[in-house]
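Given chain S's structure and the hints, the job is docking chain P onto it.
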Amino acid sequence: MSIRLGTGDLARYPFLNEAGEYLRQSGFGWEELDRPDMADIIQRAAERIEAGVSGKVYEKLDRYETEILTFLVTLIMVKSIGMEPVLKKYALAEARRAEKFLTEDLRRQNDAQRQALLSKIFGDLFGLAIDTTEDGRLFKVKVTDYLARSSHFHEQEWKMINRLVSNGNVYLGPDETVRLVRNELAVMINGRVHAMSLPALPKAIKERSDTLRAELAPRYEYRAHSVTEYPPCVKHAIEVMNRGENLPHSARLMLATYMLAIDKPVDEIVEMFKNAPDFNERITRYQVEHLAGSKGSRTKYSVPSCDKLRTENLCFATKDCDSIINPIQFGRRRK
Amino acid sequence: MIKSEAVKAAFREYYFKQKLVEAPDNMDQREFGYSLFGIPGMVRHLSFKNPGELTAALVREVPSDVYCSNALYRFPTLPMQEKQWQGADLIFDIDGKDLHLPCVPSHSYPVCSNCGQASPPVEKEYACPACGNKKAEYVSIPCGKCIDGSKKEAARLVEFLTGDLGIAKENIHVFFSGNNGFHFHISDGSYRPLDSQARSDLVGYLAGVGLIAESIGVRRSPGSDLAFVKFPKSGLDYGWRKRIAEELDISASSTIRLTNIVKEKGGYSAFKAELDRITRQLGVRIDPQVTTDVHRVFRMPGTLNSKSGLAKFRCSLDRLDSFDPFVDACVLGSTKVQVRMKTHAKVKLKGQTFSISKEEAELPAFAAVYFICKGLAEAA
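Keeping their order, the protein sequence lines are chains S and P. Residue numbers 1478 to 1812, in our numbering, belong to the letters of the first sequence in order. Residue numbers 168 to 547, in our numbering, belong to the letters of the second sequence in order.
So that you can see chain S by itself, here it is in the shape it has in the complex (with noise of 0.2 Å):
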């Protein structure tokens, strides 16, 4: 069937292409936005852009006209800002909008044009076969391509083991299904912004692009930290280690990758290793140097996440801990 899509979609999905193409149509040109009418656009822009680094949602729909330009404008606006954490905060932002507005269609989806739109969204942008239960309460997806997305995140309830599944699907609620894509959304316009070239710009769109940047430039300042004590799954490998007992390779892996990643130098790191029955210091010095990059593959290896240490079954979290994702965060969160 083919799809129709009005305004009001195209406003509420501006990442399509047909909103691009719908604006061609209608003759616009980028001069226009030096016209004085044009400022509540750029006006909206700028909103946009703030509200996304804030980590809050732009709310705005009432002209939708006006808000697939104002999405355009965003785009050309954070290009010309220039800023990476920007860039990413504002993809983000505009993932969630549009993941709250994918969440109230799938909610609606028994009407045949929306169900076509949904799966010309979940299919062309994200390759996702979605499918409806019976009752048309929940959505099926096939296991491959949930373990494909939800790996990435970090909340225990998107393990698969959390969820329904049964003969190779895995079944969603309409939210459920809408935040498995959402990053890939987040993806997809940061790729885009980055892929952009920019035309001269319009004074009007340079002018608050450049304010914009001075206003947001010192969020960014690097922030030094220092670690006082070791994460508890550390802590317990340094604990058998030094009672002279086998440590499993994952765990020595860890411990020193870890010590790596704080900046211990490699001869303390290898010290830290001569407990060890098998210890032979040539080797262990040798791998420790592979995994800092230095020996072999070149490669530096990072610290294996909270997530891989729980199914090795050396992750011993206390409170402290206090959702961290990768052993190396542990105290490093700013109060």
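These are computed hints drawn from the structure, not numbers from a lab. A few of these clues could be false.
Keeping only pairs whose Cα atoms sit at most 20 Å apart, straight-line, the calculated EDC-like set for lysine to aspartate or glutamate is [stated by the list, open to error]:
1) S/K1680 - S/E1509
2) P/K439 - S/E1722
3) S/K1796 - P/D443
4) S/K1619 - P/E326
5) S/K1777 - S/D1744
6) S/K1597 - S/D1582
7) S/K1617 - P/D404
8) P/K301 - S/D1755
9) P/K513 - P/D495
10) P/K409 - S/E1634
11) S/K1785 - P/D260
12) S/K1785 - P/D362
13) S/K1777 - P/E249
14) S/K1777 - P/D362
15) S/K1619 - P/E337
16) P/K439 - S/D1799
17) S/K1785 - P/D265
18) P/K400 - S/E1653
19) P/K302 - S/E1722
20) S/K1577 - S/E1509
21) S/K1619 - P/D443
22) S/K1796 - P/D260
23) S/K1772 - P/E249
Here are some, though not all, of the chain P residues that point toward chain S, as calculated from beta-carbon distances under 10 Å [claimed, not checked]:
24) D331
25) L332
26) I334
27) D355
28) P360
29) V370
30) L378
31) E381
32) S401
33) G402
34) G406
35) K409
36) G450
37) A546
38) A547
Since the model is a prediction, treat every value here as computed from it, not as a measurement. Heads up, the beta-carbon is just placed ideally off N, CA and C, and yes, glycines get one too.
Chain P alone, transformed into the frame defined by chain S:
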């Protein structure tokens, strides 16, 4: 580690006549590797274009162990960073030694880490009869119970794969590992693109790690260890939720019963711990490292395992029960080989029991090689 010419000769004979070696699909995109007798380490990053090339290499080199990547690469012979990974088959390893069965000490032979002296299994604390050293490496000759234990895990894995994951039986290939466990190769292409993290989540699912109480409707009351029950909208009809519901004998309407169970256990935290215990018990004990490694070279079907001289042997899914690795996977010849035993040892192969208490014995090659590979004998 030189395992003697006798072992190599038996392996050579096998590879010369072999009909069991199974070349993988997409052979030209796989990385191969092998170990050689007497040379530590592994030769990796090899490529064979067709089964003929592979057979020729096996007969020429007579490797002690042969491996093939589960991954597909554009350039399988280049260094890892340049291979261009194209996906990897999903694989599982069930290893008998990870099951920690109570029978293991009764058939584990200590080999002194100081002088190499082997001794019969000991129930009490070990001390080497030759030098008194207390540290040893233990060599296990798996018994029927060990194999049954691994089979049970394998059957449970099949149940998860076909039921929960909906993988068709013809895409599940089960092999005896050649020593003490089973290897699974899944040929369902939709799993190939999954990265290590996605496979790790899958391992968690199969092993029963990480089920939260909320999944089955038990929620913590804010600020206390008390719990209340609110069943998930999606119900308890399938997968892990169903397993737990059956185990606790509840349904999606037994709010009161579940509330009482949590109370009996002593609150939210205690219930959570109990849930963790149950899921691990109901889950499958698979080696997480093997499944999550997407660059692994994995023992090749139909090749010999130098830890035992048995073959990695294909088992029919429907006849897993009657499969006997000590008969079916014992594929070496019967030429007589003279061995010097390091200790009294016992094994049943091809239906014959070899309980050797003499210092020297003449055994058929398959039995002699088994004892030599286990480190309990050497060729005389």
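Hints, one by one, checked against the model:
1. Restraint check for S/K1680 and S/E1509: the C-alpha separation of about 11 Å stays at or below 20 Å, so the hint holds.
2. For the suggested pair P/K439 and S/E1722, the alpha carbons sit about 30 Å apart, so the restraint of at most 20 Å is broken.
3. Only pairs whose Cα atoms come within 20 Å are accepted, and S/K1796 paired with P/D443 is accepted, the gap being roughly 18 Å.
4. For the proposed pair S/K1619 and P/E326, the alpha carbon gap of about 18 Å is at most 20 Å, so the pair holds.
5. A distance of roughly 17 Å separates the Cα atoms of S/K1777 and S/D1744; the hinted pair therefore holds under the 20 Å criterion.
6. Distance hint between S/K1597 and S/D1582 is fulfilled; the C-alpha atoms sit about 13 Å from each other, no more than 20 Å.
7. Proposed proximity of S/K1617 and P/D404 is supported: the alpha carbons are some 15 Å apart, at most 20 Å.
8. Simply put, P/K301 and S/D1755 have alpha-carbon atoms about 15 Å apart, close enough for the 20 Å limit, and the pair holds.
9. For the hint pairing P/K513 with P/D495, the CA-to-CA distance comes to about 19 Å; that is within 20 Å, so the pair holds.
10. Note on P/K409 and S/E1634: the hinted pairing holds, with a Cα-Cα distance of about 17 Å set against a maximum of 20 Å.
11. With a CA separation close to 18 Å, the supplied pair S/K1785 and P/D260 stays within the 20 Å bound.
12. Annotation: proposed proximity of S/K1785 to P/D362 holds, straight-line Cα distance about 13 Å (limit 20 Å).
13. At most 20 Å may separate the alpha-carbon atoms for a hinted pair to count; S/K1777 and P/E249 meet this at roughly 16 Å.
14. Taking the CA atoms of S/K1777 and P/D362, the gap is near 19 Å; set against the 20 Å cutoff, the hint holds.
15. For the hint linking S/K1619 to P/E337, the alpha-carbon distance of about 19 Å falls within 20 Å, and the restraint holds.
16. For the suggested pair P/K439 and S/D1799, the alpha carbons sit about 18 Å apart, so the restraint of at most 20 Å is met.
17. A threshold of 20 Å between alpha carbons decides the hint, and for S/K1785 with P/D265 the separation of about 19 Å falls inside it, so the pair holds.
18. A distance of roughly 13 Å separates the Cα atoms of P/K400 and S/E1653; the hinted pair therefore holds under the 20 Å criterion.
19. Distance hint between P/K302 and S/E1722 is fulfilled; the C-alpha atoms sit about 13 Å from each other, no more than 20 Å.
20. Under the criterion of a C-alpha separation no larger than 20 Å, the hint pairing S/K1577 with S/E1509 is inconsistent with the structure, at around 31 Å.
21. Taken as a hint, the S/K1619 and P/D443 pair is broken in the structure, with Cα atoms around 26 Å apart against an allowance of 20 Å.
22. For a cut-off of 20 Å, the pair hint linking S/K1796 to P/D260 is broken: about 34 Å separates their Cα positions.
23. At most 20 Å may separate the alpha-carbon atoms for a hinted pair to count; S/K1772 and P/E249 meet this at roughly 17 Å.
24. Taking 10 Å as the C-beta cut-off, the interface hint given for P/D331 holds, the closest approach to chain S being about 5 Å.
25. Of the supplied interface hints, the one on P/L332 holds, with its beta-carbon coming within about 6 Å of a beta-carbon of chain S, less than 10 Å.
26. A cut of 10 Å between beta carbons decides the hint on P/I334: the least distance to chain S is about 7 Å, and the hint holds.
27. Proximity of P/D355 to chain S holds as hinted, the smallest CB-CB distance being about 8 Å (cut-off 10 Å).
28. Proximity of P/P360 to chain S holds as hinted, the smallest CB-CB distance being about 7 Å (cut-off 10 Å).
29. A hinted interface residue such as P/V370 counts as satisfied when its beta carbon comes closer than 10 Å to some beta carbon of chain S; here the least separation is about 6 Å, so the hint holds.
30. The beta carbon of P/L378 is positioned within 10 Å of a beta carbon in chain S (closest approach about 5 Å), and the interface hint is therefore held.
31. For the restraint placing P/E381 at the interface with chain S, the shortest Cβ-Cβ distance is roughly 7 Å, inside the 10 Å limit, so the hint holds.
32. For P/S401, the suggested interface contact is upheld, since its CB lies about 5 Å from the closest CB of chain S, less than 10 Å.
33. With its C-beta approaching chain S no nearer than about 7 Å, P/G402 sits inside the 10 Å limit, and its interface hint holds.
34. With a least beta-carbon distance of about 4 Å to chain S, the hint placing P/G406 at the interface is held under the 10 Å criterion.
35. Because the beta carbon of P/K409 sits about 8 Å from the nearest beta carbon in chain S, less than 10 Å, this interface hint is met.
36. Residue-level restraint check for P/G450 holds (minimum Cβ-Cβ distance to chain S is 9 Å; threshold 10 Å).
37. Taking 10 Å as the C-beta cut-off, the interface hint given for P/A546 is violated, the closest approach to chain S being about 29 Å.
38. Interface hint status for P/A547: violated, as the beta-carbon distance to the closest one in chain S is roughly 32 Å, over 10 Å.
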